[in-house]
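Using my numbering, read the sequence shown as starting at -7 and increasing by one per residue.
One thing to keep in mind: the hints can contain errors.
Claimed, not checked - Label-pair ranges, simulated between beta-carbon atoms:
1. R44 to G155: 39 to 49 Å
2. K38 to I158: 18 to 28 Å
3. P159 to E52: 40 to 50 Å
Simulated from the structure, these hints should not be mistaken for lab results. Quick caveat, the model's predicted, so the values are computed rather than measured. For every residue, glycine included, the Cβ atom is placed at its ideal position computed from N, Cα and C.
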Amino acid sequence: MTIDYSQLMEAEKQVEMLFKEKGKELIFHNFARAESMVETISHLFKLDSTLREKVEDLKETENVLKTLALFSETGYTMGQDMKCLGSGAIASEILPKCGYPEEQVNYIKCLLGDAAFFNPRSCSESTEEHILTTLYDTKTRYFADETFFLLSMQHRQELQKDGQNIPLRDWYANELNRLESHWYCTIPAMMAYSEKKRNNVKELKLLLGYV
-7 MTIDYSQLME AEKQVEMLFK EKGKELIFHN FARAESMVET ISHLFKLDST LREKVEDLKE
53 TENVLKTLAL FSETGYTMGQ DMKCLGSGAI ASEILPKCGY PEEQVNYIKC LLGDAAFFNP
113 RSCSESTEEH ILTTLYDTKT RYFADETFFL LSMQHRQELQ KDGQNIPLRD WYANELNRLE
173 SHWYCTIPAM MAYSEKKRNN VKELKLLLGY V
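Whenever a hint applies, use it, and build me the whole structure from the sequences.
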């Protein structure tokens, strides 16, 4: 059995409701980010000829990827300390109600759990790890975004609401370290985002000179 469009749309509605009910304090890891990630992961998959050659059913794989992106931030509704492992638990609770086949529910839950500990720099050529790498590039796509600094401040405010007060200069220094130590791992992401991310690195260095 496969995932159809109506099931994916129902899952999206359920995730939106979840964020409205339990994620009101989430300024950054919210439904808007989940929606953006769904668009990004679909775009990357359509450009990734290597991954497309590995899978048997293109539409089914795209729906799995979209579901992963949709649920990958939901763990934050359980608290910052549950941000990684919570997403799989939430997906396994919601997806059956949306009509997802049991096999796909278990597969998506496992992938979300694996994503919490996944290192894209040491991945193999397996289909599952290529999928996780695509999710990784999707989650960090905002490093190359024109609105990176707005999103970065939203992230900082979210942590402040959680009691984590990081001085602005330290925040920018941490962000610079994150961007400089990061690289995109799929060819489509490398080609689309690397140069734009470098521009944000330059801007961060300039900001650190004034903060």
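How the hints compare with the structure:
At about 44 Å, the beta-carbon gap between R44 and G155 stays in the expected band of 39 to 49 Å. The hinted window of 18 to 28 Å between K38 and I158 is violated, with their beta carbons roughly 37 Å apart. Between P159 and E52 the beta carbons are some 47 Å apart, a value that agrees with the proposed interval 40 to 50 Å.
Hint violations for this structure: number 2 only, all remaining hints satisfied.
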